[in-house]
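Participant: Order-wise, the sequence lines are chains V and E.
Numbered according to numbering that gives the first Met the number 0, the first sequence spans residues 0 to 145.
Numbered according to numbering that gives the first Met the number 0, the second sequence spans residues 0 to 200.
Simulated from the structure, these hints should not be mistaken for lab results.
Yeah, the Cβ is synthetic: ideal placement off N, Cα and C, and Gly gets one too.
Mixed in with the good hints, there may be bad ones.
Computed spacing ranges between beta-carbons, pair by pair [what the hints assert, rightly or not]:
{"#": "1", "chain 1": "E", "residue 1": "A150", "chain 2": "V", "residue 2": "R85", "range": "46 to 52 Å"}
{"#": "2", "chain 1": "V", "residue 1": "P75", "chain 2": "E", "residue 2": "E38", "range": "27 to 33 Å"}
{"#": "3", "chain 1": "V", "residue 1": "E132", "chain 2": "E", "residue 2": "G200", "range": "28 to 34 Å"}
{"#": "4", "chain 1": "E", "residue 1": "H132", "chain 2": "V", "residue 2": "G116", "range": "24 to 30 Å"}
From the derived model, a few chain V residues whose C-beta atoms are all more than 12 Å from chain E [claimed, not checked]:
{"#": "5", "residue": "G40"}
{"#": "6", "residue": "P65"}
{"#": "7", "residue": "V67"}
{"#": "8", "residue": "T71"}
{"#": "9", "residue": "L73"}
{"#": "10", "residue": "A96"}
{"#": "11", "residue": "G103"}
{"#": "12", "residue": "V105"}
{"#": "13", "residue": "E114"}
{"#": "14", "residue": "L115"}
{"#": "15", "residue": "S121"}
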Amino acid sequence: MSRGRTVLMTEDSAGAPHRPPDSQWYDNEAGPLVRPYAMTGGRTRPGPSGVRFDLIALVSLDTGAPDVLDDTSLGPEHRTLIELCRAETQSVAELAADADLPVGVVRVLLGDLLELGCVTVSRPVPPGQLPDERILREVIEGLRAL
Amino acid sequence: MASEQADATDGDTGALALKILVAGGFGVGKTTLVGAVSEIRPLRTEELLSEVGESVDDTDGVDQKVTTTVAMDFGRITIRSGLSLYLFGTPGQDRFWFLWDELAQGALGAVVLADTRRLQDCFPAVDYFEHRHIPFVVAVNCFAGARSYGAHDVSRALDLDDGTPVVLCDARDRDSGKEVLIRLVEYAGRMHTARLLDSVG
Chain V
0 MSRGRTVLMT
10 EDSAGAPHRP
20 PDSQWYDNEA
30 GPLVRPYAMT
40 GGRTRPGPSG
50 VRFDLIALVS
60 LDTGAPDVLD
70 DTSLGPEHRT
80 LIELCRAETQ
90 SVAELAADAD
100 LPVGVVRVLL
110 GDLLELGCVT
120 VSRPVPPGQL
130 PDERILREVI
140 EGLRAL
Chain E
0 MASEQADATD
10 GDTGALALKI
20 LVAGGFGVGK
30 TTLVGAVSEI
40 RPLRTEELLS
50 EVGESVDDTD
60 GVDQKVTTTV
70 AMDFGRITIR
80 SGLSLYLFGT
90 PGQDRFWFLW
100 DELAQGALGA
110 VVLADTRRLQ
120 DCFPAVDYFE
130 HRHIPFVVAV
140 NCFAGARSYG
150 AHDVSRALDL
160 DDGTPVVLCD
170 ARDRDSGKEV
180 LIRLVEYAGR
190 MHTARLLDSV
200 G
């Protein structure tokens, strides 16, 4: 795996869950030590064509998912995402924040997991189409009750 | 959790997520507002950029730098199991407009936060949402020490379309933030109904 000081900036890189153990020579200012393209195998788009993960697309672990934890094609970042989804259904944006990975990287990795049948992804509301009035009323009442 | 999707109402997996944007100038209180109403600590997510910024970023002397990141704040409010509201604080810098396009896709609406001491800072956001017909409310964050203006004055100063709500708020206050969101969802519903009527009549 290609490694080196990257120019990526992180606002808060403390507590990164998968920081390699040999990175302790650097302080947090150095940023992540694995370049994003290394985590995605050089890919910038998810594998299956036409898949586009919206930031609020909800990702759940597929209950009937094959056990892929022994799959050697999966990297540590894939496993991190699986563990996060196992804890709770989460949006793509939350996964990116919790895994401390750029959204673009998370999209590619989720594409792999989708192909393997590990996760299911909800479709976002189509652009220009609002949910029906009943849902909006529910949202308003829910906000009032907070 | 799979059990949470038993009460499916919509979509493929049953869970429905709605998106609200929080826009406005730098330092106007976007992160504060998101944090005040969110049930999770404000999370920051980073979008990786490459090349896109090249034409506008002054990269002289930093020719090694081909990627940069931009941070977006976001928060979540769970209405019920399977129905959540996500709030996204939009990046303040103008050169990240293309990110707004992604954020705005499928958004229920937007809150434009304004500070009356520098109202011009929210002009770009107002223009953006007006041009794209995305329902928005203007929330005036009432900073201590700033001269107070009425909602009507702000509406006129921003040359808002009739009906666009202007709400005075305190971005630090949870109830105040909730009220802003309620006004937005009500307004988005009205706009949507009006458009449906237009399209059939």
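Participant: Is the Cβ of L73 (chain V) more than 12 Å away from each Cβ in chain E?
Facilitator: With a cut-off of 12 Å, L73 (chain V) remains clear of chain E, as the shortest Cβ separation is near 21 Å.
Participant: Take a quick look at T71 (chain V) and tell me if its Cβ sits farther than 12 Å from every Cβ on chain E, holds or violated.
Facilitator: holds (26 Å)
Participant: Closest CB-CB distance from G40 (chain V) to chain E, is it above 12 Å?
Facilitator: The assertion about G40 (chain V) holds, with a minimum of 15 Å to chain E.
Participant: Since V67 (chain V) was said not to touch the interface, does its Cβ keep a gap of more than 12 Å from each Cβ of chain E?
Facilitator: holds (17 Å)
Participant: Do H132 (chain E) and G116 (chain V) keep their Cβ atoms within the hinted range of 24 to 30 Å?
Facilitator: violated (39 Å)
Participant: Cβ-Cβ distance between P75 (chain V) and E38 (chain E): within 27 to 33 Å?
Facilitator: holds (29 Å)
Participant: Does S121 (chain V) really sit off the interface, with its C-beta more than 12 Å from all C-beta atoms of chain E?
Facilitator: Non-interface label on S121 (chain V) violated, nearest chain E Cβ at 4 Å vs cutoff 12 Å.
Participant: Once the closest CB in chain E is found, is it more than 12 Å from P65 (chain V)?
Facilitator: Holds, because the least Cβ-Cβ distance between P65 (chain V) and chain E comes to about 16 Å, which exceeds 12 Å.
Participant: Does the claim that G103 (chain V) lies off the interface hold, with its Cβ farther than 12 Å from every Cβ of chain E?
Facilitator: violated (4 Å)
Participant: Evaluate the condition: distance from the CB of A96 (chain V) to the nearest CB of chain E exceeds 12 Å.
Facilitator: Given a closest Cβ separation of 4 Å, the condition is violated.
Participant: Please check whether the beta-carbon of V105 (chain V) is more than 12 Å away from every beta-carbon in chain E.
Facilitator: At about 9 Å from chain E, V105 (chain V) fails to clear the 12 Å cut-off, so the statement is violated.
Participant: Does the Cβ distance between E132 (chain V) and G200 (chain E) fall inside 28 to 34 Å?
Facilitator: With a Cβ separation near 18 Å, E132 (chain V) and G200 (chain E) fall outside 28 to 34 Å, so the hint is violated.
Going through the hint list in order, the structure does not satisfy hints 3, 4, 10, 11, 12 and 15.
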